[in-house]
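Heads up: the protein sequence lines correspond to chains A and B, in order.
Just so you know, the first sequence maps onto residues 1 to 217 in my numbering.
Just so you know, the second sequence maps onto residues 1 to 217 in my numbering.
No lab work stands behind these hints, which were simulated from the structure alone.
Be aware that a few hints might be false.
In this list, chains with the same sequence are indistinguishable; a pair is considered to hold if it fits within one copy or across any two.
What the hints assert, rightly or not - Listed below are the simulated DSS-like cross-link pairs for lysine-lysine, each with C-alpha atoms no more than 25 Å apart in a straight line: (1) Lys184 - Lys211; (2) Lys211 - Lys130; (3) Lys38 - Lys138; (4) Lys125 - Lys211.
There are 2 protein chains.
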Amino acid sequence: MSKPTLYGPRYSTYTRAVIMALLEKRVDHSLVHVDMDKKEHKAPEHLARHPFGLLPAFQHGDFMIYETVPILNYIDDAFPGSRLTPADIHRRTRAAQIMSVINSYGYRPMVWGIFVPRTFTEPGKPVDEKAIAEAVPKAKQALQAIEDLMVNPDPFLVGRQISLADLLLVPIIHYFAGTPEGAKILPHYPKLMAWHTIIQSRPSVLETVPKVLSGVE
Amino acid sequence: MSKPTLYGPRYSTYTRAVIMALLEKRVDHSLVHVDMDKKEHKAPEHLARHPFGLLPAFQHGDFMIYETVPILNYIDDAFPGSRLTPADIHRRTRAAQIMSVINSYGYRPMVWGIFVPRTFTEPGKPVDEKAIAEAVPKAKQALQAIEDLMVNPDPFLVGRQISLADLLLVPIIHYFAGTPEGAKILPHYPKLMAWHTIIQSRPSVLETVPKVLSGVE
Chain A
1 MSKPTLYGPR
11 YSTYTRAVIM
21 ALLEKRVDHS
31 LVHVDMDKKE
41 HKAPEHLARH
51 PFGLLPAFQH
61 GDFMIYETVP
71 ILNYIDDAFP
81 GSRLTPADIH
91 RRTRAAQIMS
101 VINSYGYRPM
111 VWGIFVPRTF
121 TEPGKPVDEK
131 AIAEAVPKAK
141 QALQAIEDLM
151 VNPDPFLVGR
161 QISLADLLLV
171 PIIHYFAGTP
181 EGAKILPHYP
191 KLMAWHTIIQ
201 SRPSVLETVP
211 KVLSGVE
Chain B
1 MSKPTLYGPR
11 YSTYTRAVIM
21 ALLEKRVDHS
31 LVHVDMDKKE
41 HKAPEHLARH
51 PFGLLPAFQH
61 GDFMIYETVP
71 ILNYIDDAFP
81 GSRLTPADIH
91 RRTRAAQIMS
101 VINSYGYRPM
111 VWGIFVPRTF
121 TEPGKPVDEK
131 AIAEAVPKAK
141 QALQAIEDLM
151 VNPDPFLVGR
161 QISLADLLLV
171 PIIHYFAGTP
181 EGAKILPHYP
191 KLMAWHTIIQ
201 SRPSVLETVP
211 KVLSGVE
């Protein structure tokens with residue numbers, strides 16, 4: 001079967017999580033950029049991949065998948081390499097819960113509520129401080145829930161092996177940690193802080209740092 | 001290990017999906033009602049089970065789980081009985097995508113956008129027709145996506161075996177089909193219509209019809 005293709009921009013947190021999974025499993029792949037600034041994700045070509053016009057989408061042969069968690073599970077099951085899903089049912093369930101908490105409660109306040117207005121408000125325009133203030137308690141609640149779901153985090157979220165939950169969380173925390181709110185809030189979650197410090201040096205993390213964070217064009 | 005306990009009201013679509021999974025696998029269990037009208041889901045006792053104050057939560061021994069898809073996967077893996085997760089990777093991925101589409105795009109417009117205002121608006125008060133009109137295109141988009149993700153639906157969403165995706169979808173479609181909007185929209189999705197007709201007679205469906213639909217107190 002031909003090598004798989006991932007559609008999405010490197011700066012998208014969900015696209016980055018999938019790239020990291022492909023790197024962790026050493027899966028040779030193609031990355032097709034979808035430019036959100038040019039609204040390419042809402043163009044018919046991309047809507048044929050993802051009917052809701054979101055990112056990423058993943059194609060393996062003629063099998064097209066959208067929605068990040070199903071993509072991640074497919075990659076873990078379809079390709080050889082180290083397993084990114086815990087064999088132990090309790091760790092596996094906690095990893096699944098963490099991914100669900102990220103998607104349902106954590107992603108939106110941390111990325112769209114705080115990181116985006118702090119980072120991308122045009123110079124001279126006012127930052128939407130009200131939206132940020134509303135997002136802060138929601139971000140805290142999600143972080144506390146994730147901290148409480150971590151199982152003997154040594155060094156990863158649910159144990160000694162990196163899992164899909166780690167990959168889904170890294171890009172979001174990476175953005176969030178660079179905001180004044182993130183810098184202030186994160187130290188209240190010592191297990192997550194220790195995790196974030198250690199996982200920074202993971203090759204799949206280092207190889208996927210978005211330009212907006214690395215400063216390198 | 002003691003028999004598991006499910007916390008939630010029978011009329012909650014997500015709670016009903018979990019009850020159906022327990023019935024499909026013939027798992028002896030206890031059901032503890034959580035009365036949303038009395039705000040019991042926001043009381044400390046329930047927040048200890050589910051920090052976001054939603055339903056259901058599921059306890060097996062001292063292992064507490066919240067978020068429905070992780071609960072469903074845990075039940076399928078932890079207990080004997082027929083498998084509710086397809087062994088084939090493509091069917092399994094489509095089932096996971098359908099569950100993700102339900103949670104991310106389908107549940108809110110069909111249940112909260114249409115079913116709830118049509119069913120529970122107090123007599124004499126105006127129905128929020130604007131909210132319903134806004135929910136209709138979103139419901140259609142989600143239904144089209146689910147219809148497109150169905151794999152040889154004969155008779156279930158991804159094949160000959162019932163899966164967790166069927167269980168997650170039944171309670172939502174059951175409510176939606178009883179609204180004027182649902183009755184008008186659903187016939188445009190022939191595969192879903194055929195599925196809904198057939199699955200109505202499934203014992204786990206019949207045994208869990210909520211009072212609001214059966215009319216039986």
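Any of the earlier hints contradicted here, and which numbers?
Of the numbered hints, just 2 does not hold.
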